[in-house]
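First to last, the sequence lines map onto chains A and B.
Numbering follows the working numbering, in which position 1 of the first sequence is assigned residue number 1; successive positions increment by one, without gaps.
Numbering follows the working numbering, in which position 123 of the second sequence is assigned residue number 123; successive positions increment by one, without gaps.
Honestly, the hints are just simulated from the structure, not real lab data.
Even glycine gets a Cβ: it sits at the ideal position worked out from N, Cα and C.
Each hint should be verified, as a subset may be incorrect.
[Said to hold, decoys possible] Listed below are several chain A residues computed to face chain B (Cβ distance under 10 Å; list not exhaustive):
no., residue
1, 162
2, 186
3, 199
[Unchecked claim] Chain A regions said to be covered by chain B (calculated; three or more residues, Cβ under 8 Å):
no., segment
4, 187–195
5, 274–280
[As the list claims (entries may be wrong)] Beyond 12 Å from chain A on every Cβ pair, some chain B residues (computed):
no., residue
6, 124
7, 129
8, 219
9, 226
10, 295
11, 303
12, 323
13, 327
14, 350
15, 354
16, 426
17, 471
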Amino acid sequence: MFVFIGVAIAGFVLLRLQPDVVNVAFGSPMAFLRFLTIATPLLIAGLGVHACLTTGRILIAGEGIYAAGGLTVAIVGTSLSNTPLGLWAGLTLAFAMGGCVGLLISWLRENKGVHEVISGLLMNYILQLLTRYLANGPFRDPTSDAPHTRELPWTLPLLYPGADVNIGLVTGCIMAVFYIYVFHKTVIGRYIRSLATSDGVTHVAGLPPKRTRIFVMVVSAGIIGLAGAISIGSAGPFRRFPSDFYGSGVGFDGLIIGLLAGPSAWLLLPSTLLIACLSHLSDALSLATSLPRQVGSLAGALLFLIAATLRYRNQSRS
Amino acid sequence: MQPSTWQHPLIITNIKLGYGGIPVVDGFNLTVQPGEIHALAGENGAGKTTVLKAIANLIGVMSGSIVIPTDNRDKSSRVGFVLQHDVLPSNMTLGACVACSALAAGHTSKSQDEQQLLSRVGLMVSVAKRVSELSMHQRQLLQVACALASKPALLLLDEPTAVMSHTDGLHFWKLLEAEVKEGLTVVIATHKLEDIVDYCSHVTVMRSGRLVLTRQVSDITLEEIITGMAPVTTPETGAQRRPDKLISSEPIVKMCGNGAQLDIHEHEIHGLAGLDGSGYGRWLKALALTCQDDLTVTVHQESIDTKSIATRRDMGIGYIPADRHLDGMVVTESLEYNMTFGQLPDSHFKQWLPILRDSDVASATAIIDTYDVRPSDVTRRLDTFSGGNQQKFLVGRELERSNTVMVIDQPTRGLDRVASAEITRKLHAKSLHSQTAILVYSDDLTFLINTCDTISVVSNGHLVQTKMAFEWTEKTLIEAIV
């Protein structure tokens, strides 16, 4: 709550000092659609991270998984460019790729005791190098000087002609509704959420805690992989996987969204909008003024610190 | 550094305490002189734990005052607190737990001191062991060791002996007496009224958050304490009349291991008695949770050794765990929310259907009424209920399910006499009316003798004796156990 109030005050101050920035960011329907395009992968990645957090695990490898998902769809999409299945095969395999990374991290955590933050950070590093190498090497577009893969022959179906907003947004919204339903309204959701405090309740009822946690992390990582695929599959700047795709920050932003939402899935949407707003405004800020867009990242990092401190302070108090 | 002691009394004047603005204790006064062992007695939900938490400054005072005197060096007194449920980090070693407690109070601690302290409290295990490897009663002893490591002037104890066996309890009280001679002052909340009479110097009786009486123990009888706790007509708390029932000849449950066989029939309540570490837990686990190496179990003539826990629940094998906080419920959620737990729906499809909140509220309300859980608010968070009332809710929730076999571990832990007697009555009713076979372990031998039809004694994992309950007395049972 304090975080949201703080950001609202900061937004108000910005509006007073730099009304142009807000005008650039939200002053037209196209600007607003651009905002929704930014929000789409954030919402999906935030969902993935939040699901893991509810079981007491932190999926810190989101950034790497996001990049891996993007690269997967770029490779599959260009390899199967002659078949209509390329789009769906790409999305499915991006999900599977993310799931595999999640499986590895959670298997190490649950069966070998390797902390998921450590393995997640290392996995991020591995995926960063791997995706950069593949986009710059075997799958590089030979016709271009820039280091990226070949252009996808398709884009995700658009929701509004002329804007980048696509069915990824609808998919994200459906997933969010389904997620809220499962985690807040069903028996299985309550058991999964109880894993954040203790394994005992699920164990005694007959739901194996380890397997449940692994399942949730696999699905979560798969969802983040899908977010990466949706980003690459969008019209607009991408449609090809650039070698520096890792570092776009969506995976880390997903972590902030998950932490900001706390135990409530209902807060996922406002958290997503907040982070998307921050990202969108920092883009506008860099256009309207000479300030670098990394100001937004800095604000995001501060939010992350505050959210993480509040969350873990409350946990340690309880 | 010498332990801090008091020159002046602890004075509590007209305090009002509560959770979320709702008062639980009101107009409560207490004076504890240095060197006393002062007991707080009262029914479940009387407010004993709340008062202890307020003294320890874990919750704020809504009105009134608590004056904790400075110690013999005019420094603020150190207060040690042993909670009813341990809060020790499970991955830490015992030595680290003790050392941290000592360090937090400004003392240094050596490994041999830590080992010595553990031995002094009766915990004969290595300091290198981890908390997760300890049983519940061992963790309770570790909490006592940690509290003593900080060399407190005042030690607050919340039901410390609830999870201890008779022998451990004796050792614990001797330790406490020795510490008091060194200048320690103790305030203890307990349901074991005989312990109050035997070991405490003063007793304060509470009822519904109010002070009923404060006396020297030498000036009061056990009956007066009981009357003070619940003066209104209460159900009989002594030996329960076992209902007349026809126990079938063919057992529902057959458990075999180490050359012994344990049969549980329809309508039968089969008790297990044994010391902590005697291996009784393996018999409970073999039936309720997972296969144990040398035990084989059949239910309705079907082997369940390879069956998963979920399948066992589907077969109608219910389980009430001993540790209600870790295994039974989610204490940060409300009572109606906790109705979901304990058993998954019998089909996978139902697990994904929306929870019917009205139905859960109705079920939770029924349990509150039937088992006298107080306060009667199903939307309150579980951790704002007293330990005894949480236990009543857990037992009620599981007994109300339609299981054919029930495995119950320590059903009366943290319950007062009236509530324990009520649980006995409910178990009798369950076994009589629902053809349920019940296997129950308790370290409360009176409860076992009053409740069970048959009692088996477990030692070193073996069943050493099985007799009808009426053939046992508390004395013979203790002899068999020891």
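Hint-by-hint comparison with the structure:
{"no.": "1", "hint": "162", "in the structure": "violated, 40 Å"}
{"no.": "2", "hint": "186", "in the structure": "holds, 5 Å"}
{"no.": "3", "hint": "199", "in the structure": "holds, 8 Å"}
{"no.": "4", "hint": "187–195", "in the structure": "holds (count 5)"}
{"no.": "5", "hint": "274–280", "in the structure": "violated (count 0)"}
{"no.": "6", "hint": "124", "in the structure": "holds, 27 Å"}
{"no.": "7", "hint": "129", "in the structure": "holds, 17 Å"}
{"no.": "8", "hint": "219", "in the structure": "holds, 42 Å"}
{"no.": "9", "hint": "226", "in the structure": "holds, 35 Å"}
{"no.": "10", "hint": "295", "in the structure": "holds, 19 Å"}
{"no.": "11", "hint": "303", "in the structure": "holds, 18 Å"}
{"no.": "12", "hint": "323", "in the structure": "violated, 7 Å"}
{"no.": "13", "hint": "327", "in the structure": "violated, 3 Å"}
{"no.": "14", "hint": "350", "in the structure": "violated, 7 Å"}
{"no.": "15", "hint": "354", "in the structure": "violated, 5 Å"}
{"no.": "16", "hint": "426", "in the structure": "holds, 20 Å"}
{"no.": "17", "hint": "471", "in the structure": "holds, 33 Å"}
Hint violations for this structure: numbers 1, 5, 12, 13, 14 and 15, all remaining hints satisfied.
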